[in-house]
Amino acid sequence: GAGVSQSPSNKVTEKGKDVELRCDPISGHTALYWYRQSLGQGLEFLIYFQGNSAPDKSGLPSDRFSAERTGGSVSTLTIQRTQQEDSAVYLCASSLRTSGRAAPRGEQYFGPGTRLTVT
Amino acid sequence: AQKITQTQPGMFVQEKEAVTLDCTYDTSDQSYGLFWYKQPSSGEMIFLIYQGSYDEQNATEGRYSLNFQKARKSANLVISASQLGDSAMYFCAMREFGGGNNRLAFGKGNQVVVIP
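Line by line, the protein sequences are chains Y and V.
1340 is the number of the first residue of the first sequence in my numbering; add one for each residue after it.
66 is the number of the first residue of the second sequence in my numbering; add one for each residue after it.
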């Protein structure tokens, strides 16, 4: 079946502009995650959606970052007034619903990422 | 505080040899899961193997196995019979189940280059 897809694959934008990054999760996956990966670094958690629950936004680095998930499927990550330090690869992942030890595994499947460059 | 530590420098491995990638973690939760992901130069993160904190057996998936030492809080990945396609960055990650937190905390990764 189809995996997680993200668009665009590359985005170059000028400092101060807004950008929108899109993620299509695997069909049937109710959990969706956004991560950011800066050059040579591990992944940094940004935000998590689970079904109709309120999202966990605790990883968003500033109020310039926001995300929404419409209809429990597609998600959009928006960065307003982009800064050069926002340059990174933004990765989206999805998983089946997990609930602690009842469904302990919940491995996340990642998309190919969007490489954002702010000039 | 850093939850996942991967400190090995880049590694060169001879094809068909085994390689061990170190990962130590820090948590006060009793219930957690440990994951290894592979990231080739194409950039996509590929799930490899999972170990639950309550699993008594070390996890194995094909050529991948996990040397889980709970008391030492280590979860080293062993890749047997290395192939050229194993050249990639490898990330260790942890999910703590307490409080319903589903995020993965990642280490900084280990670079592996397999040479013929």
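Hints are computed from structural coordinates only; laboratory data are not their basis.
Check each hint, because a few of them may be wrong.
[Stated by the list, open to error] DSS-like cross-link-like pairs, simulated, lysine-lysine; straight-line CA separation at most 27 Å:
#, chain 1, residue 1, chain 2, residue 2
1, Y, K1396, V, K173
2, Y, K1396, Y, K1350
3, Y, K1396, Y, K1354
4, V, K68, Y, K1396
5, V, K138, V, K173
6, V, K68, V, K138
7, V, K135, V, K68
8, Y, K1350, V, K68
9, Y, K1356, Y, K1396
In this text the structure is predicted, and so the values were computed from the model without any measurement.
Verification of the hints:
no. : hint                 : verdict
1   : Y:K1396 with V:K173  : 22 Å, holds
2   : Y:K1396 with Y:K1350 : 23 Å, holds
3   : Y:K1396 with Y:K1354 : 24 Å, holds
4   : V:K68 with Y:K1396   : 19 Å, holds
5   : V:K138 with V:K173   : 17 Å, holds
6   : V:K68 with V:K138    : 11 Å, holds
7   : V:K135 with V:K68    : 15 Å, holds
8   : Y:K1350 with V:K68   : 31 Å, violated
9   : Y:K1356 with Y:K1396 : 22 Å, holds
Hint check: a violation occurs at hint 8 only; the rest are consistent with the structure.
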